[in-house]
Amino acid sequence: MGVHPVSILGNMLSEIKARDIRGFSLVELLVVISIVSLLTAIAVPVFLGQREKSRVRATESSARSAVADLQASLDAYMSGDPIVINANPFGGQECYEPASGSATGNTCLAIFNLTASVFKYTPYPGGMTDVLSLFAAGHNWSGDTSAYNGLPLFVTASPADGQVLLSPSGSNSVYILAYASNSTAPVFSQLVISR
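For the sequence shown, our numbering assigns the number 14 to the initial residue and increments by one for each residue that follows.
Hints in this document: simulated from the structure, not taken from any laboratory.
Watch out, some of these pointers could steer you wrong.
What the hints assert, rightly or not - Okay, derived cross-link-like pairs now, SDA-like style, lysine to any residue, Cα gap no bigger than 20 Å in a straight line:
(1) K66 <-> W154
(2) K66 <-> A56
(3) K66 <-> M141
(4) K66 <-> T197
(5) K66 <-> S180
(6) K66 <-> S194
What the hints assert, rightly or not - The calculated label-pair distances, taken between Cβ atoms and stated as ranges, are:
(7) A170 <-> R70: 20 to 28 Å
(8) D174 <-> D143: 21 to 29 Å
(9) N126 <-> V80: 26 to 34 Å
(10) V80 <-> V45: 31 to 39 Å
All C-beta atoms, glycine included, are put in the ideal place defined by N, C-alpha and C.
From just these sequences and the hints, can you work out the full model?
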């Protein structure tokens, strides 16, 4: 006659129990470890490459989005108008006006028509480098940081990884240069000229 199904099931259960007691063989463990190692060797570089690409794109995007703001600050400086920057991380602002502002009518109050409680009025220094320092400080107070190391995003000298350098070029233009992990070759470069 045939084999009874209950005895087949009993044989299978006893085989499974014996397997549980024995555990995995060394060959089975080595195969699993080699497969996991192979998958890790493939996945980790791909992940790290994507991470680096996203950092580069973030740095480049930050530099691109700052061009219009830099243009406005540069135009205001060249025309002798006040410049408004973020002055602290809580949204406070400062208005910097030229020393000749009161004589020419280019004061913070006249141009922006806001009360003294909204802005802190401060005469701005006369040079382009000082205006760029104000621009960088305003963005850095706004929380703009490097995607690489959390340092302030905008600098006026000696950029590190993921920082954007603001460099004067003549009396009415500024280079905006964004650096990724190599601070000698910019990933973004644009000359901003006052209109």
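Hints, one by one, checked against the model:
1. K66 <-> W154: violated (26 Å)
2. K66 <-> A56: Distance ~15 Å between K66 and A56 Cα, so the pair holds.
3. K66 <-> M141: At roughly 33 Å apart (the allowed maximum being 20 Å), M141 and K66 break the hint.
4. K66 <-> T197: Holds. K66 to T197 sits at ~18 Å (cutoff 20 Å).
5. K66 <-> S180: Violated, at about 25 Å.
6. K66 <-> S194: With a Cα-Cα distance of about 10 Å, the restraint between K66 and S194 holds, given a limit of 20 Å.
7. A170 <-> R70: 20 to 28 Å: holds (25 Å)
8. D174 <-> D143: 21 to 29 Å: Cβ of D174 to Cβ of D143: about 26 Å, so the range 21 to 29 Å holds.
9. N126 <-> V80: 26 to 34 Å: holds (27 Å)
10. V80 <-> V45: 31 to 39 Å: violated (53 Å)
Consistency with the previously given hints fails for numbers 1, 3, 5 and 10, ordered from lowest to highest.
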